[in-house]
Amino acid sequence: MRTRMSALFDALLPVIATLAALAVGAVMLLILGVSPVTAYAALFDGAFGSFNAFAETLVKATPLLLVALGICISFRGDVINIGGEGQMIVGALLATWVGLTFTEVPGWLIVVFAMLAGFLGGAVWGGIPGLLKAYFNVNEILSTVMMNAIAVQLMNFLLRGPMIDPSQAQLASKIPQTARLLDEFHLARLAPTRLHAGALIAVGLAFVVYILLWRTTLGYRIRAVGQNPHASRYAGIKTARYMALALILSGAFAGLAGAVQVYGVNYRMITDGSASGFTGAAGFNGIVAALFGQLHPILSIPASILFGALLVGANSMQRAIQIPSALITALNGLVVVFVVSSEIWRRRRQRRRLAVAKEEETPGRPTPPEVQKEAAR
Amino acid sequence: MISELFTTTVLIGILASGIRLATPYLYAAIGETFSQKSGVLNLGVEGQMLLGCFAAFYVALTTENLWLGLLAAMIVGAVMGLAMAFVTVNLHAQQGISGIGFYLFGLGMSDLLFQKLLGTVETVKGFPEIYIPGLSDIPGIGEIFFSQNILVYGAFLLVPIAWFVLNKTTLGLKIRSVGENPDAADSLGVSVARVRYFTIILGGTLSGLAGASLSIALLNVFQQNMTSGLGFIAVALVYFGAWKPAGVLAGALLFSMVNSLQLWIQVLGIPVPSDIAVMMPYVLTILVLVATVSKVRTPSALTKPFERED
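From first to last, the protein sequence lines stand for chains A and B. Counting with this note's numbering, you get residues 1 to 377 for the letters of the first sequence. Counting with this note's numbering, you get residues 378 to 687 for the letters of the second sequence.
Any given hint might turn out to be false.
As the list claims (entries may be wrong) - A partial selection of chain A residues facing chain B, derived with a Cβ cut-off under 10 Å:
id, residue
1, Trp97
2, Ile128
3, Phe136
4, Ile141
5, Arg160
6, Ser276
7, Leu299
8, Thr329
Claimed, not checked - Sample of chain B residues lacking proximity to chain A, with all beta carbon distances greater than 12 Å (derived):
id, residue
9, Gly390
10, Glu441
11, Thr500
12, Ser513
13, Gly531
14, Asn558
15, Leu638
Honestly, the hints are just simulated from the structure, not real lab data. Owing to the predicted nature of the structure, the values given are computational and were not obtained by experimental measurement. Backbone N, C-alpha and C fix where the C-beta goes; we use that ideal spot for every residue, glycine too.
Isolated chain B (complex conformation) (with noise of 0.2 Å):
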């Protein structure tokens, strides 16, 4: 039976689905990069997607126009970020525990607007694949690579474009700055309220995101609580990322890769307990949390809310 998994089929299955898979994770991961390179632990992400999930498949139910949810999605995933941002910069509210407010928050919430405006799971026709000409009929590859929807191409984009940014634009400098120095960062006259704010928005804005691509370009379903506990991952991916875009990157891809292919081996019925198979990415990540903390720096000022010294 473990042969089976072998086949050409089956695997290209695998890591097509894996591909897919790593999407929500990319999005808000990446997300949580930037607020966490300026110094904030956003620990709603969790929170900001299930809304976001709700709002892209609601708006894009009703209107049936799937970009207008999306937009929806980011625009409810802006203002929860704002709300953090608020919470956190002005505040000085203790970051994880406020985190954790903003989770309960949209799960309650998300739950609430499902049972009042909609009440039965639905599903709605989500975005199609997008095949590249020319490359998506190399056999294998184009399958894996070149046959996805169009949110699964952004997030991949979105991985050089936030290396680019976060390295080397004035815009990352100050983000970096920010997260490591604040004071001195200060006294060169950059904002670091105003920082934190751009990155906590736009953190809120890519989690919108990568609830909107649960919701109405993978599944196309709503259930409460259907992103069960993956915006927490994200914000771990950080870490085993080493606030790096890339290594957020193959953290992602560890994870949605070992997720397919606990999928493929329930869809196959071979004999491993599927609840076993589902533990071993949380118990990775704490092993790869291990092996790598000693030796990555965290940006300094991670959770320390900035007060100017008068």
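One chain only, chain A, in its complex shape (with noise of 0.2 Å):
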């Protein structure tokens, strides 16, 4: 009984990490003078208010979780993939490269030779900071950081040269975008609303990224790894591989939410300038996604939905009562904040349970492997 009350309350623990975001935002509209009823309310109501709300808030969800997913393959292998932005953008580059070059394919045949080439740019991506950090330990972070920046800078390049739309390359305005994809390139639409086959990708590969770290060698040695690189290298497992490949995956997954994004929603890759321009923040905001869904891939499904909605929802909010939509990407980075420093409650009843566990414990009798584990995290 003990066991079920907490372990509900640890599911919990997001939950009121982000209600006690969104309180702090309360206090911060008080301060602009606006009235949080009135302001979430708007908020609410453009996330969910009608079908076709719903249905945008579906479609900003489908990256997140895209990229939630690959961040629960790093994150669970210990290894902190803060490049899903430049993952995203490489990974759609090289699906519209696909799109524009082989136009007298098939439609469908195309379809799927663009997600597999998003699938590996953003695997490229991943990799080369994947592979600096096992053989050349090279701090992740760092590196996925640069990655992003070059990722930004190759698209500008492309987008005004190589790859720019023949029509805007006659004319003076050059604005840095590629042609369009023919229309039978598309992802079928699911409704009449912007919502996209991406979608179904996205939560069906969810159960794949289940399957792959809790019912395959693969993913259960990525854990192991995560949890106890020393133990792991003593039994055997190759850790600099794991930990390359942890973030080749997650990278992975980016990247087929960039060619996600130009085949589900824009059909042409268009730059400001910035990576957000493309990304709309994604790569950032999945991590927020999988933090939220406690690194569960299952779990990553109504968090990115919860996220999406408070993403369509800021836009409307800003339209009705002109609350700048920045306000989301600010309760965002507290909502990180409040996750991870929740965390240490978790951790702590895991320890005060491990205390109970071994006084109840007979001499001689081995420890449950369940605790086992729980120690060992």
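Put the two chains together into one complex; each comes in its own frame, and the hints tell you how they fit.
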């Protein structure tokens, strides 16, 4: 009974952290002279108020979920991937190139290849810092941030030069964008809204990642290396290889998110010079969603929908009562801080449970494996 | 066209703006050196800088007093540092991730305040150049080193001060011991928590100052996300400089000189794609990290929360 209560409390921690962030947001709104009730009502209405609004929420949630799935893999392997933005961009670039180059191939085949290209592009962009961490001991937090900056410039260069829309190239304005993908290459729409098949792909992959992490040797080893690299090495696991793999896979999912954005929503790439101009900061917000989902692929689904809703709601809040949507970026930051800070209570209770288990244990009786597992965390 | 780069005027221009552009990197990276030396990776520098940028700009614009702006930026940075210290020292939160949280907070908050309080891009009259008597008249050298504003001089002065504090004072010894072996430091009566609070708040204050140097001394405007990754580079510079102030200085200068060169290439209209030029410093950083990381030892307790063994 006690364990069940505390398991419930563990599950609720992120929710409490988010409510705390929203409470801080309410104070900020009061300081700005806006009633928090009006603001949050506008936010909720914008995200869930109509069928169309909810569809928009799911559209925003899709890249968040894909990035979050990658984050689940890398963070479980104790590899901190901050490079989602860059990985999305490179995945999108490669996928766009496929769609613009092979125009004679049947549509469904191009979509398949484009998604694979996105996966591959992200894998390469995550793989470079992954290999550098595994074999040269380069801090992956720094290298992934650097890779983000490099990817932005690569995108700007390609969209202004080699990949520019031929019709723009002749104009004086030279808007840095690619040509539009052929209609038959677009991901299918699911309803008369902007909701597209990418959302289904993302949900399906959430289950794949769950199986990968908990039902395969690869996933087991990634998690083992993440929990205790020394013990894993002692057990004969090549830790460097699994760290690199964790970051490669993580990047691949972000790259796929980029490809899905192009084939499902924008149908072309266009740059305003910044990363978030293309990604909408999904590379960062995906981390928020994954943490909220306790680095569990299935829990990341509702988490992504929640943060997608916040983003969509923020835009309509801006339109309705002129509260800049930047408020939500700030609140997302607070959610991250609160969620990682609240981990301490989970760890404390775990330790207490462990202590109780030890006391109850009769001499000579081995410790139950669950307790050992928890002790290793 | 390339030959245009090598005229004396242009070379002096490149070097002078290179020195100037090193300023924000130096403040932020020296501050980060202190916190990393004590074992804390503060990845929220970018957010602290953005809020510092805005605070300095807004206060300077409304009070018409640049010094008050500077003070405001430092206070905002210190408060952000205090929050970071509480979260990492008392709550043992994962440092890299909570840093990203503080970054997002600073990014959104500075944007929100900008849109609510200013709305449009305005300019302020920033700190003026101070010509050091005598020295500023030396041809070339004078223009490069001795005709800068006060925050530029301050940034370069900070390097020897930081070296002295870290290596020649008791405080520095405490900071280093807490970053290398917190258990031993604790058993000798050094308060690990207090030292880390000090370094993280100092780091935040200097990040705020770094932001101020952008908005009221170098660019004299405020725009959304105007640091555009500068704070993250400052964190990388600490690794780059192997946790030594002189190394950080070298890295900051390398970065700012490449940036300045890149700006001048655009000004002169030399046909090198500017995107590729902008990319180079980042590629360079990764390469240097690869080359140096195996030879340099990270502070042993970096990113590890300290818990007393009971």
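Right, here's what the structure says about each hint:
1. Trp97: violated (17 Å)
2. Ile128: Ile128/A check passes; min Cβ-Cβ to chain B is 8 Å, inside 10 Å.
3. Phe136: Holds, because the Cβ-Cβ distance from Phe136/A to chain B comes to roughly 5 Å (cut-off 10 Å).
4. Ile141: holds (5 Å)
5. Arg160: holds (7 Å)
6. Ser276: Where the cut-off is 10 Å and the nearest Cβ of chain B is about 8 Å from Ser276/A, the hint holds.
7. Leu299: violated (17 Å)
8. Thr329: holds (3 Å)
9. Gly390: holds (24 Å)
10. Glu441: Holds, because the least Cβ-Cβ distance between Glu441/B and chain A comes to about 24 Å, which exceeds 12 Å.
11. Thr500: For Thr500/B, whose nearest Cβ neighbour in chain A is about 21 Å away, the distance exceeds 12 Å, so it holds.
12. Ser513: holds (35 Å)
13. Gly531: holds (26 Å)
14. Asn558: It holds; Asn558/B is separated from chain A by about 19 Å at its closest Cβ, greater than 12 Å.
15. Leu638: holds (15 Å)
The structure fails to meet hints 1 and 7 from the earlier list, while all remaining hints are met.
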